[in-house]
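Trainee: Working from the sequences, and respecting the hints, build out all of it.
Chains as they are written, first to last, in the working numbering: chain A, 1 to 280; chain B, 1 to 251; chain C, 1 to 329.
Treat the hints as calculated values from the structure; they're not laboratory data.
Because the structure is a prediction, the values reported are computed rather than measured.
Think of the CB as a built atom: it goes at the ideal place given N, C-alpha and C, for glycine as much as any other residue.
Check each hint, because a few of them may be wrong.
Restraint ranges, calculated between C-beta atoms of paired labels, are given here [as the list claims (entries may be wrong)]:
#1 Ile296/C / Thr132/B: 37 to 47 Å
#2 Ile170/B / Ala197/C: 17 to 27 Å
#3 Thr132/B / Pro226/A: 54 to 64 Å
#4 Pro194/C / Thr132/B: 53 to 63 Å
#5 His62/A / Pro194/C: 40 to 50 Å
#6 Ala170/C / Ala101/B: 53 to 63 Å
#7 His226/C / Ala162/B: 25 to 35 Å
#8 Leu227/C / Thr201/B: 29 to 39 Å
#9 Pro15/B / Leu112/C: 42 to 52 Å
#10 Ala101/B / Val207/A: 48 to 58 Å
#11 Ala101/B / Leu227/C: 16 to 26 Å
Each chain is listed here by its residues.
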Amino acid sequence: MGWPAITRRLCAGAVVCLALSWGEATLAQPPERVVSINLCTDQLAMMLAAPGQLVSISRISHDPNMSVMLEEAKRYPTNLGQAEEVFRLEPDLVLAVSFSSPYTVGLLRRLGVEVAQLPLANSLDEIPQNIREIGRLLGREVQAEELAAQFKSDLARLRGAQPETRRAALHYANNYTSGVNSMAHEILTAAGFENVAAEAGLSGGGVLAMERLVMLMPDLIISGQPYPGTSRSEEVLHHPAMKALRENHASGALSDAEWVCGTPAVLRAIARLIALHDGS
Amino acid sequence: MTGLELKDFSVARGPCDVLRDIELSVEQGECLGLLGPNGAGKTTLMRAALGLMPHRGESSLANLPLKERAKTVAWLPQTREIAWPVNVETLIALGRLPHLAPGAKPGAQDQAAIDRAIERMGLESFRPRIATQLSGGEQARVLIARALAQETPVLMVDEPAAGLDPAHQITLMETLSAQARSGHTVIASMHDLGLAARFCTRLVVLWQGGIAADGPPAHVLTPELLAKVFHIRAHIELGEDGPIVQPVGVI
Amino acid sequence: MRRALLAVLAVLVLALFSVSLLIGPAGLAPAEALLALIRGDALAETLVMREIRLPRALLAVLVGAALGLAGAAMQGYLRNPLAEPGLIGVSGSAALGAVIALQTGFAAAHMLALPFAALAGAVLAVLIILALAGPRGGSITLILAGIAVSALAGALTALVLNLSPNPFAAAEIVFWMMGSLQDRSMTHVWIAAPFIALGGAVLLLQGRKFDALTLGEDAAASMGVHLGRLRLALVLGVASMVGAATAVAGAIGFVGLVVPHILRPFVGARPSALLPASALGGAALVLMADIAVRVILPTRDLKLGVLTAIVGAPLFFHLIYKTRMQGQL
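Mentor: Okay, structure coming up:
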């Protein structure tokens, strides 16, 4: 690509920025080449994009451990989310999230690429908004509205099915867990569990010392999914204290890719938790 | 009893022999001064005879098992090394290590040997002093006391008099010769021909890989030998206290 | 004097061990905690005491004793107060061995693969250091060799961790280079204890030979010290202790430097007396550091090596300066 092309892009970028600054104004033309550089925007974009509109998704969506839409994802080429390779794809819209690398996002914007950053969904109620936002960005408002409505009714049905309350703990590598104001907490409570991390006063994601977790005596321990290879961080998941707790008191379950993103996939996580609830 | 017996003894450094076919027998009661110019192989001879470096031929000391050898010969290397700031008494007590059974603490016998060595080197007032803080000469005396405390039939010392003031040089040589008179074997390398002539009962001169002369001081320290081996002229005279050798010029 | 010092150190270790058992985020009252530890009838409290705090305190003792004793032994052998397993790359190489065992899966397949791999890494490092620094362990060659070994071991450790398919592994270079006892278990105690005990026994038996070495290699050899055997004992003893300690706790620096340095005057600088004292002193120092990391930043996994370096580095500067003043550097 020569200088004229870059200049054209820069001008286009300026116009788009101007347009976005007006707020809710939609784009005149739906974008034709959309690149997603985040696992969660990958999912929403794959659900909503028109055929051919989405040209690349993030590499992580091809990881069987992380992807909830593996079959679907394999139909798309992947990127590593680096500015250089994304720019070369000549996108007219890049989908990222609020915590995407500010360097990558800044660099792409300086190169005149429009980057939309989706806010992180910390509650189930924010998911329809995110669906609609992606729909608006892709010019697929009708499909987004349909998906959002479907999600709302599915969620309402699951929430209605919740039985009595039991106490659960999320236990990830490095004793990481999720308190109130997190998607994982919402998934737990929607499935009728009380989150012990919330009892411990934790808000958002954070570390809950294993000692405290043991003292809270949860009835269910939902561990982070194991990754290939070994790490000291994950050793806590099989720590003898946690094993003993599972053997003598609590039941165990695994969290997985369905817990990660604020997308309709969380409904499957809730459903499985409810089944666990009923089964035990 | 023989103090040291070397037979057909050679030491190589790389491809060359530093010492060749040395025959030497040192008896009980002898105070042997090992002389020779720099590089003649005095240190090499003693270290190899102890078995501390590779050699060919026989050495009665090197043949002994390690523990046995440590009870037979005490060795004072030329480099005066004191690695840690231990006190003088502790340092001298190290000489008793070969006599201690595994795990045993030094007993009354060991303490007596330590006290004797301290007394002989006149170090009584130095007992609690930190050895590394002493002057070079004082350190030398402490290290000699360590070797004496080992109380072995054979004492082998490498340039013990170097760095001592005249009074301590003489005291040291008197100690060594008294040690020999009391039935020990003393082998000391030296540079001071005067001290060697005055205090040793026997001198061995190393030169060009072999023994150039061997015998009582008066027989060994001839003007011819001094000229040939050391390239010096010396004033030699038989005094009341034994031979007096004073180098006076270089040839 | 020496007996009294050992008694004082033993009491200190015991006291710190108890404090270590009583400190933790679970907020157990001391009496409650001890009852749970001994009687074991309350599930949660007992798990906290027996499976989380006890192994942590035991490992602090084991790892500290290993590092203190290994430091004193290396210094005794090389006759250089700057010789320390962490500084000269022995711990770093042990960490490399451990990381290789973990990431290749050997450690998961055989329980002893982890400590043996760490031991192998440590042996290699000690051999390289001895070869480069020579028998007298001159300060400059020792430190230069240590820098080279540390740098290479650190880089290779980072490489192995970066090649791991595990997303957490790469971030754990900090653990391997700084050390931590957070969330260790009795499994780790059983992995490390035999190696540390064996290495400790080997090194403690060499005390007299280190004493003899005070007079130099030649004098020591003439006093019946078999130098070759002593070197072998040193290499295996140090590698076994440092290897096992590093395999379970990461590389914790400066313990082997600080502890012998502080205790040397109290034992009249005798290397043999310094060995048991340094083992106890090392245990006390690591217990203290491990208590401190939990008190200073209870919610974060502050690395032990951070604290030991903050205490140890200024002392290291002082030692370098002193060594230079004595004209040995």
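Trainee: Look at each hint and say if it fits the structure.
Mentor: Here is how each hint holds up against the structure:
1. For the pair isoleucine 296/C and threonine 132/B, the beta carbons lie near 39 Å from each other, so the given range of 37 to 47 Å is met.
2. For the hinted restraint 17 to 27 Å between isoleucine 170/B and alanine 197/C, the CB-CB distance of approximately 55 Å leaves it violated.
3. A C-beta distance of roughly 58 Å is found between threonine 132/B and proline 226/A, which places it inside the suggested range of 54 to 64 Å.
4. For proline 194/C and threonine 132/B, the Cβ-Cβ distance of about 39 Å falls outside the hinted range of 53 to 63 Å, so the restraint is violated.
5. The beta-carbon spacing between histidine 62/A and proline 194/C, approximately 45 Å, falls within the hinted interval of 40 to 50 Å.
6. Separated by about 55 Å at the C-beta atoms, alanine 170/C and alanine 101/B satisfy the suggested range of 53 to 63 Å.
7. A C-beta distance of roughly 29 Å is found between histidine 226/C and alanine 162/B, which places it inside the suggested range of 25 to 35 Å.
8. Between leucine 227/C and threonine 201/B the Cβ separation comes to about 34 Å, which falls inside the hinted range of 29 to 39 Å.
9. At roughly 48 Å, the beta carbons of proline 15/B and leucine 112/C sit within the given window of 42 to 52 Å.
10. At roughly 57 Å, the beta carbons of alanine 101/B and valine 207/A sit within the given window of 48 to 58 Å.
11. Remark: the range hint 16 to 26 Å for alanine 101/B to leucine 227/C is upheld by a beta-carbon distance near 21 Å.
This entry does not satisfy hints 2, 4, going by the numbered hints stated previously.
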